[in-house]
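Each protein sequence line maps, in turn, to chains A and B. In terms of our numbering, the first sequence is residues 1 to 351. In terms of our numbering, the second sequence is residues 1001 to 1324.
Read the hints as simulated data drawn from the structure, not as lab findings. Treat the hints loosely; a few may be bogus.
Unchecked claim - Sample of chain B residues lacking proximity to chain A, with all beta carbon distances greater than 10 Å (derived):
#1 Val1018
#2 Thr1022
#3 Leu1116
#4 Leu1140
#5 Ala1141
#6 Arg1181
#7 Leu1196
#8 His1225
#9 Val1266
#10 Leu1281
Said to hold, decoys possible - Stretch by stretch, here's where chain B covers chain A in the computed footprint (C-beta under 8 Å, at least three residues):
#11 81–90
#12 98–104
#13 306–320
As the structure is a computational prediction, the values presented were derived from the model and not from experiment. Glycine included, every Cβ here is placed at the ideal spot set by N, Cα and C.
Here is what each chain is made of, one letter per residue.
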Amino acid sequence: MIHLRGWKRWLIVLIALHGTIACAGFLAPYDPAEQDRERPYSPPMRIHLVDSQQRFHLRPFFYAQRLRPGSFDQFEESIDQRIPLHFFVTGARYHLLGFAPSRIHLFGAEGSRIYLLGSDGYGRDQFSRILYGGQISLLAGLFGAALTMFLGVLIGAAAGYYGGWRDALLMRVAELFVALPWLYLLFALRAFLPLAVSPVQAFFLITLVIGAVGWARPARLVRGVVLSARERDFVRAARGFGATDGYLLRRHILPETASVILTQAAILVPQFVLAEMTLSFLGLGVPEPVPSWGNLLASLQQYSVLVSYWWMYIPALAIVPFFLGYLGFASALQQDLGTEKIETASGESRW
Amino acid sequence: MRYFLRRLMEAAFLLIGVSILTFLFSTLAPGNYFDEMRLNPQISSETVAALRAQYQLDRPLPVRYVRWVSSLLHGEMGFSFAYNSPVAPLLWVRARNTLLLTLTATFIAWALALPLGVWSAATLHRLPDRSLSWATAALLAIPDLVLALGLLILAVRSGWFPTGGMVSLGSERLTPLQQTRDIALHMELPVVALVLSLLPTLVRHVRGAVADVLHTPFLRAAASHGIPRHTLLYRYALRAAANPLISLFGFSVGALLSGSLLVEVVMSWPGLGPLLLEAILARDLYTVIGGVLCSTIFLIGGNFLADVLLYWADPRIRTAASAQ
C-alpha cells in the first residue's frame, strides 16, 4: 500500500483536491455551457513563453488556431497571431462556492478563446467543463456515501443491538446485497426509474440509487462493532442504572463505531464517484448540457471521436488523483486507527 | 450430498427473491415500452391499449408474475417488446458471449495472480514484493472505466488490436478454424481490460494468504527437512492458503460480472451488457428482468463452484458437512 506518515497528510491532499473543484467558477475561464460552433474539437493549446523568433516574453501567450489548409476539422497554430494571457480577467458570471457572485476568472484572453485541454463537439471548453463536472460527480459521490453510511449505521446498529430475528433477517438481506454485482444492481434500480428527467432531478435520482445500493457492507461492519460494544462493562453498568436504549446507543455504543464509519466512508466515496461516472457515461445519469465526469466521456462511444480527437479522453483522468487520495487516506486511517476487522473489510472493498 | 442440496435450496430462494424484487421495482416504473407509441399520432390510443392488453401489461402484478413464471418454465422468460421475440433465446446468445469473455479473463487472471502473489509473499518486504505492491497499488488507483477507455484509445490509435464487436465483417465465409482465430483476436482487448481490473486485488489476496501460512510451524519443519523451495511454496504453502482464496473466487464473480458489463459496453462486445443497456433505454421490461436474473444465475454458479472446490480442498468442511 501507499505509506506516508499519518492520515493527516492525505487529508490535506484531499482538501486541496476538493478545494480546486469547489472553486471551479474562479479557475475555469468560461461558462461550461458556452459554445463556439466555429471551433468544434479544437486540440489543446500550448502555453508559450518563447515565440517563433526565439524572443522571450514575460507574459505567457498562446497562438491562435486556424484550420489546416486543405482540411475542414484539423486545427493548427498560426504563428503570426500571438495572443497574450491575462490574469484575473472579467468574464462570465458565476457563484463562488455556490453563493458569492463574481465575474473574476483566474485567467483568460482577448480576441480568441483559449482551450487548455481542447474543446468538444460544440466548441465548449473542456478545461472548464472538467472543473464544473467535478462538482456534480464529487457531490453525487459524497451525498451517496453519506446516505449509504446513514442507512448502514441505522441498519447495522439495529441488527447488532436488538439481535434475534431482526438481526437474522437484516443480515440475510445484507448478504444478498453484498453478493449481487453492484453494476447490475445499479442498473436494475435505475431501469425502473424515469429516464427523461431534468439534470437536477437526475442528479438526486442517481444519488439516491447509488446511496441505496451500498449500505450492506458498512451495516455488517457496524453490526460487528455494536455486537461487541453491547457487552462491554460500562454499557452494562449504564443499563443497570436505567439508561434507555436510545441513550445507550447514542452515548456509549455508536461512538465506538466512529473509526469503522470513517474508514468505510473513505473507501466508499471514490467508488460512488465512479458509479456516477459510469451511469452518466452510459446515458443513465446526469444528462447534457450539465457536465459531469461521466457524460463528458460519452462522446468517446463514437468511433470517429475515438480515432481523431484523443483529448476527449482527458476527463477520464480527472478522477485518478481523487482515487489515489482516497485510497491513501483510507489505508492511512486503517493503520492509525486500525483494527484487524477493518483491515479485512477494506481488502474486499472492490468486490 | 446434504451439504450441496442445502446450497441448491439457498440458491433457489435467492433466485425467487431476486425475481420478485425486480418485478416489484418494475411496477414502480413510470411508463412502459408502449408510451412512445402513444405520442405517435398515426397510432390510435385503441391500438396502444390493445397492445398493452395483448402483452398483459394492464393486469395486476401477481397475475403478471405467475404468467412470467409459467413462461419461464416453458423456456421463454417473457416476451421482449423491442425484439418482438421471447427473451430466453435472446439472452442465451448474449450470455454465451459474456461467459466466453469472463471465463477466459478469470482463467488468465488467476494463472497470473497465483505465481505473482506467491513470489511476492516469498520475497516479503524485499525488492520484488515492493515493486509488485507499487504496481498493484497503481492499478487499483485506475478505475475500470478509465482503464477500459484508455485501452480502447490505445488500440484504435495503434492498430494493434481489432476493436469493436466479436467477429470481422464476412467472417461467416471463413473456415471454422479461421473463425475461432477471428473471435480470439477480437477478444484480446476486452480480456486484457478485464484481467487488468481483476489482477491487483487477486495478487494482493494471494500474497496475504500465502504470507500468513509461511510462518506456520509445519512449513518451517518442512523447510528444515530440506524440501526444495519451489515445492515448499507451491505444494505446501499454496495448498494451506487455498481456503480463503477459494472464497475470494466466489466473491470475485460479482465484481467480474460488473466489470464485464462495463467492458462489453465500452468495447461493444455483444454480451449481456449492451443488451441490458439497450433494454433499459427502451423500457423493454422483460429483457431487463431476464438480464438481471441471468447475472444472478452466473453469480450462483460461481459461488456453487467455489463451494464445490472448498469441499474438495478443505477436509474440515467435508467432516463438518457429513457430521450434520
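Here is how each hint holds up against the structure:
Listed as outside the interface, Val1018(B) is inconsistent with that label: its C-beta sits roughly 8 Å from the nearest C-beta of chain A, within the 10 Å cut-off. A beta-carbon of chain A is positioned within 10 Å of the beta-carbon of Thr1022(B); the least distance is around 6 Å. For Leu1116(B), the non-interface assignment is confirmed: its Cβ lies about 17 Å from the closest Cβ of chain A, beyond the 10 Å cut-off. Separation of Leu1140(B) from chain A is inadequate, the least Cβ-Cβ distance of about 7 Å not exceeding the 10 Å criterion.
Taking the minimum C-beta to C-beta distance to chain A, about 5 Å, the non-interface status of Ala1141(B) is violated against the 10 Å cut. The claim that Arg1181(B) lies off the interface holds: its Cβ sits roughly 23 Å from the closest Cβ of chain A, which is beyond the 10 Å cut-off. The Cβ of Leu1196(B) lies farther than 10 Å from every Cβ of chain A, with a closest approach of about 13 Å, so its non-interface assignment holds. No beta-carbon of chain A is positioned within 10 Å of the beta-carbon of His1225(B); the least distance is around 32 Å.
Its beta-carbon lying about 8 Å from the closest one in chain A, Val1266(B) breaks the requirement of being farther than 10 Å from that chain. With a cut of 10 Å on Cβ distances, Leu1281(B) falls inside the contact zone with chain A, its closest approach being about 7 Å. Evaluation of the coverage hint for the region 81–90 of chain A: breached, as 0 residues show C-beta separations to chain B shorter than 8 Å, against a requirement of three. Counting residues of the region 98–104 of chain A whose beta-carbon sits less than 8 Å from any beta-carbon of chain B gives 0, not enough to reach three: the coverage restraint is violated.
With 8 residues having a Cβ less than 8 Å from any Cβ of chain B, the region 306–320 of chain A passes the three-residue criterion, so the hint holds.
Hints 1, 2, 4, 5, 9, 10, 11, 12 from the earlier list are contradicted by this structure; the remaining hints agree with it.
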